[in-house]
Every structure is written in structure tokens, then in C-alpha cells.
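Here is what each chain is made of, one letter per residue.
Number of protein chains: 2
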Amino acid sequence: MTPKIVRYLAEQQPATPCLVVDVDHVEARYHALRDALPLAQIYYAVKANPAAQILERLVRLGSSFDAASIGEIHQCLAAGAQASHISFGNTVKKVSSIREAFGLGVDLFVFDSEEELAKLAEHAPGSRVFCRLAVENEGADWPLSRKFGTTVDHAKTLLLKSVELGLEPYGLSFHVGSQQTSTTAYETAIAKVAMLFTDLSEAGIDLKMVNLGGGFPVRYRDDIPEIEQFGLAIGRAMTEHFGNALPQMLIEPGRFMVADAGVVSTEVVLVSRRGGKESDPRWVYLDIGRFGGLAETEGEAIRYRFRTPHDGLATGETVVAGPSCDGVDIMYEKNRVQLPHALSSGDRIELLTTGAYVSTYCSTGFNGFAPLAEHYI
Amino acid sequence: MTPKIVRYLAEQQPATPCLVVDVDHVEARYHALRDALPLAQIYYAVKANPAAQILERLVRLGSSFDAASIGEIHQCLAAGAQASHISFGNTVKKVSSIREAFGLGVDLFVFDSEEELAKLAEHAPGSRVFCRLAVENEGADWPLSRKFGTTVDHAKTLLLKSVELGLEPYGLSFHVGSQQTSTTAYETAIAKVAMLFTDLSEAGIDLKMVNLGGGFPVRYRDDIPEIEQFGLAIGRAMTEHFGNALPQMLIEPGRFMVADAGVVSTEVVLVSRRGGKESDPRWVYLDIGRFGGLAETEGEAIRYRFRTPHDGLATGETVVAGPSCDGVDIMYEKNRVQLPHALSSGDRIELLTTGAYVSTYCSTGFNGFAPLAEHYI
Chain L
20 MTPKIVRYLA EQQPATPCLV VDVDHVEARY HALRDALPLA QIYYAVKANP
70 AAQILERLVR LGSSFDAASI GEIHQCLAAG AQASHISFGN TVKKVSSIRE
120 AFGLGVDLFV FDSEEELAKL AEHAPGSRVF CRLAVENEGA DWPLSRKFGT
170 TVDHAKTLLL KSVELGLEPY GLSFHVGSQQ TSTTAYETAI AKVAMLFTDL
220 SEAGIDLKMV NLGGGFPVRY RDDIPEIEQF GLAIGRAMTE HFGNALPQML
270 IEPGRFMVAD AGVVSTEVVL VSRRGGKESD PRWVYLDIGR FGGLAETEGE
320 AIRYRFRTPH DGLATGETVV AGPSCDGVDI MYEKNRVQLP HALSSGDRIE
370 LLTTGAYVST YCSTGFNGFA PLAEHYI
Chain C
20 MTPKIVRYLA EQQPATPCLV VDVDHVEARY HALRDALPLA QIYYAVKANP
70 AAQILERLVR LGSSFDAASI GEIHQCLAAG AQASHISFGN TVKKVSSIRE
120 AFGLGVDLFV FDSEEELAKL AEHAPGSRVF CRLAVENEGA DWPLSRKFGT
170 TVDHAKTLLL KSVELGLEPY GLSFHVGSQQ TSTTAYETAI AKVAMLFTDL
220 SEAGIDLKMV NLGGGFPVRY RDDIPEIEQF GLAIGRAMTE HFGNALPQML
270 IEPGRFMVAD AGVVSTEVVL VSRRGGKESD PRWVYLDIGR FGGLAETEGE
320 AIRYRFRTPH DGLATGETVV AGPSCDGVDI MYEKNRVQLP HALSSGDRIE
370 LLTTGAYVST YCSTGFNGFA PLAEHYI
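Taken in sequence, the protein lines are chains L and C. For the first sequence, the numbering used here begins at 20 and goes up steadily by one. For the second sequence, the numbering used here begins at 20 and goes up steadily by one.
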């Protein structure tokens, strides 16, 4: 929690639940990532937090953008980004969206299937295309592997076909999974990509770019490797496999850029023990839950840290749940949280490192609760 | 899918994804439920679908309302409901919400914990309160049991205490879980409730009401018992346990009232086989997914039926996923859907029985996709 956020919460006491994001801290993270991976071009994964204040700051810093939809492309353009700095990074795109993006000047598109490639050839003729490979997501808290990416063999077939279709076979991408806590995943994926580069080169196609995706982790409850370690591991692997002929490198950080810049401020609505006995588990219900923005607590995958007004006092194991009438609106039941015994209804507490994947997951009005308020400072 | 919706989709071809709800069908369901459970007062569970058109129709029919939040209470009042016909049915309520609801004339509140009871005594003095019991949710596709309700012993203690606190101990409630497909769950719960009625009567407290909750199922992919069977089973159990001294009966249907009145119209964005081989599983990506409203497909719990333009042609097992870059945005992978081989990008298909728990679960803008459009006809 940055000093600016601490001050803002103390002075403004904004109504809960709300998200407070320190945009200066996003800038600091951008610089940290550039320093750790100086050869990589940053394509911010807009989906992590598409707030105009964040996009505008990143445009000023010279960032490029990874957009998941035509809606996000419009958000980038509205923030001042150039179309040539936007990658349409969703392997699943509507024809109408491809056509509109192409018309707006976007000319970098991902694909991982034959049908998508045909759509790109028809509706974004001549564009640069890159193929997403499926890679292992072991070590990631929020895996992405089943839904996206194709095999090395099929990628080769499709990239060869892209030439026939009048597209420019530009590169390869992969994603090691979000909140990836191991550097090995990147190293293994780079080796795979490099082999396919060689293979395609022999077939007459010289790819220009490797998109390393995102996945760089932030600290929730567990410690994680520093970003420098990821930078070193990736640099080493790239040099090992590509030698002096390093291709253009893209990265698509989302969580890493914004998570640590944000804090969710929430109110305790109820503290109870189901059966009324001291031996019953203690439940704390907050005024934000899985449908108010904390969607990544599904399966208790992402485990946020808490800050309470009673920190330092004696704590006990606590189940943490949301305010809705929905039975699945429970954040932490298996991975209980150590929270102070002193906690009671009306207390204001903070969930740390919540700047990413919170505001947009929030439901429009589940159980009659308004969408999460957002403050960018 | 009602004839009115078929006609509307054919004539209007509204942009996808969208939800189309036949409000007349909601009225038909209301009557069906009244016929099946003539002694029960209907408190529509607003959370299932809070559209003004639905609430207004139900007000005209004489329905009462089960609200999960102060926001839903405002929605009911705006639709013309009287405060005396609203139950504040969330066991987890902010103090500010209790105070506001009480100020608006709501005087029926649920609780299941000591802290909540104290909050009600202070901020809604003299109100009618009912205690929620935890009951078995076996047989429910969307269970609610872990998060809500207390033990019979604790309920007794709390209801005795409510008198000391100046509240009116009004009744007991339970919830057998949403999309409950077995009548047994109700029968077992009623037996439990009846014992506590007797117990409390001996302690000098005569409760007046049993709130049977909701949970009444609708037909998705599997057949379910008719509502008449639930009506008969509940009626029999009530008579068996309460004899001629039947208490007031409340039911809180949500899904049953609106699910079957709605259809989600969606477009196929992509059809692919991950590795490009015929032996690879076929994936169909729609322009709506788990974060666009189909949240109840989490864990593949609720399994919607599909209608496609190629129905009747040869089908194959298909994984169905949403349009976002999120790896968990997969609706059916274990429970694959039989969909026509002929299906391809651009085809328009319908998800049936989607009038409940869709529009409000929808995210505000995940991955840059706009909230689900809604049409009430």
C-alpha cells in the first residue's frame, strides 16, 4: 500500500467498497519492468485494468497495448495510443471486430486456429499475424493453457498457410499462465519457440517476433521471485536459443503493472460463528465479494493480504465471504485468513495488491449491489 | 422458448449477445406456482432478475418480494411494491441498509447470528424477525448451505433473545439450495422447523411463519419433477407436522419464476480444434461467457440447453467457451454439448431457460465487452 493511498484513505474515507489506485506506482512498475527486460517491448494487457488514467499514463511512457476486444482498442485509442502500438491479442475475435480494428489501423493480430486465420485473411488483409502456442502452465496460480494455443506442428502448418492467404507471418506467442511463480516455464517455452523459428526458417519463412506473454507475478500472501530473476532467466534463454539473431521481443504484462498499485477498501458487514459456539469457525462477511470484483478468489486461486485496524492484536483463523445471498460467494474457506479477534461489524479493512482484475470482473448489479467505485489518484 | 420470443428474434434480430425475456411467461409461472402451493405467499427473489418490467408485472399480480440488499428494496419500491410486501432476506446486512430499509417501512428481516440480531434490535426496533436454519442441500445443483443458517439450538437461543431485545420473533426460514431437484429436502427441513416451533411454543414463543425459501427447479438439460409434486410434498409435510395449526407459509421463488421466460441469443465467434486434427476435441467459442452473464456455469453446475440453426443435422461432442482471454472462461468442458458439425463462426444460437441469474451476474466490462443487452417483451 503506497503512502499516497494510505493518506487518501485516511483523509477522504471514501464510501466502501471501493478500489483506490496510485497511478504513479503503475509508472514505477513500468520502469522496473523495462529495467528487468530492457530488450522487450511492453504491450500492457489492458484487461488487467482499463481505467483511462492508467492507459493515458502508459501512453505518455511510450507503452504499447495488448487488447482483448474492439472495446479495449477503443479505450486505448481514446487514451491517445496509436493504432500501430496496439496488438489485437485475443485468439477469438468476431469478424465485425477484426474489420473494425483493421479499419482503425491495427495491423497486428494473434490466431491459433485455421478458421481464425481465414477470418484475418479476409477482413484484415496483409496484416502481421502471430500464432499462439500452447505451453505448460505449471507454476501459475491462474492457468490459461487449456483454452488457448495450438501445437508446434499445427502452428507451422498455419504460418505456412498464412503466406498463401496474403498475410505476413510475423511471430509466435505463448502464455505461461497468469501469476506464474516459476522462471522455468518461460525457459521451456522459449526453447519450443526457437525450434519452430528454425523449422520455419528452413521452410523459407523468417519470423521476426517472439511474444512472451505476461504472467509475471506479484506478491499476494506468498513470496515470489523478483522481476529481475525473470528478466535474467528470459534473457539467458533467448541468448542460448537465438544467439546473436535475437528476434523482436514483446511482453504483455497486466497484473505486474497494476496489481500492487491498488487497494480495495471494504467494510466488515458481519462477524459470526454459524452455530454460536466458540468452537465453530468464525466467518467474516465483507461488503465486497466474488461478484463485486474479487472473481479471482474462485477456487481460492488468488489469495489477497489484509490490513485491519486491529493489526498486531491476537488473531484467529477466519473464513472470509462476500455480502450476497449466493452460496458460492465465499473467498477463503479452505485457505482461512488470520484476522484479529477484535474485528467486528463496521470495521474498515483493506485488501492489498488488488489493482488488477478487480474493477472489470465486477458484476453490473448482482443482488442489487452497485458496481465497485474506483478512485485513481 | 415461447412463440413470442421466437417471433421477436426472427423479426428484430437484436445484436448479440442479448437476453430476451417474455414477461407474459413470468406471469404464467406465477400462476402455476400459486396453483401448486395455494397456501403459500409468494415473495419473488428479486436477485434472480430485477428488471423493472418483471417487478412491475409481479406487483400487479399481488406478489411480495424477497430483497437481498437496500438496492433491491429501492428497485421494488420503484416498481410500485409496498414496503410491507418486502422481506429483507439477506442474513448479512449493513447497518446503514437496515436503518434505511426500516425508515422506508420494511419490517420483516432475516438473521442467523447474534451480531445481526443486535444490529436489527438497534436499527429496526420492534420489527418482525425470522431466523434462518441451516438444512441439507443435497439434491441442489447450486447449494447454499455452508454460508447461511444456524443450528436449531442456536436459533432457539436467538429467538428467545429477540424478545428481550424488543423484536417480534416471527418465524423460521430455510433454503434447500437453488435448483433443488428433490422434494425430500423440503420434507426433511419442514420436520426440523416444526420441532423448533413446538420447542419455542413451550418456551412461551408462538412463531407465526415458516419461510420455505426457494430452490424450485426448472428444466435445463435434465428432466426434473413438476412443480405440482413439490406442492404436494410440501403440503403433505406441513399438514403432517403442523396439523390444523398451519402457520403462515412464505416461498421465495426466483429461478422458477423467470428462468424459463428468458433466452440468451449469442453468436458463434470461432470453431476450432486445438491441434488442428479431427481427433482433437472441437471447441466452440460464443460471444457470451462466464463473465458476460453465464456465471452459473461455474463448475458446470447449471447446464443450459442450446438451439442452433442446424438442429436435426449430425452432431458431435463440443467444448463450449466464452470470448474472453481468461482461461477459466469455459462453460462446458467436462459435460460437453452435442452440437451440429455444421456449426461455424457467425452462426446465431440460443441458450434456453436463461432468464434467471444471467443479466445481473454479468461483469461491467471484463475484457472490454459491454454488459449484456436486455429485451423485455
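Treat the hints with care, since some could be wrong.
Repeated chains share a single entry, so a pair holds when one copy, or any two copies, can fit it.
[To be verified] In silico PhoX-like links for lysine-lysine, alpha-carbon gap of 25 Å or less:
| # | residue 1 | residue 2 |
| --- | --- | --- |
| 1 | K296 | K211 |
| 2 | K175 | K23 |
| 3 | K180 | K296 |
| 4 | K227 | K175 |
| 5 | K180 | K23 |
Honestly, the hints are just simulated from the structure, not real lab data.
Status of the hints after comparison with the structure:
1. Taking the closest pair of Cα atoms, K296 and K211 come within 25 Å of each other only across two copies (20 Å); inside a single copy the shortest separation is 57 Å, beyond that limit.
2. Neither within a single protomer nor between protomers do K175 and K23 lie at most 25 Å apart by alpha-carbon distance, with minima of 50 Å and 49 Å respectively.
3. In this assembly of identical chains, the alpha carbons of K180 and K296 lie at most 25 Å apart only when taken from different copies (16 Å versus 68 Å within one copy).
4. When the C-alpha separation of K227 and K175 is checked against a cutoff of 25 Å, the pair qualifies only within one copy, where the shortest distance is 15 Å, while the shortest distance between copies is 72 Å.
5. Proximity of K180 to K23 under the C-alpha cut-off of 25 Å is found in neither arrangement, the shortest distances being 53 Å within a copy and 46 Å between copies.
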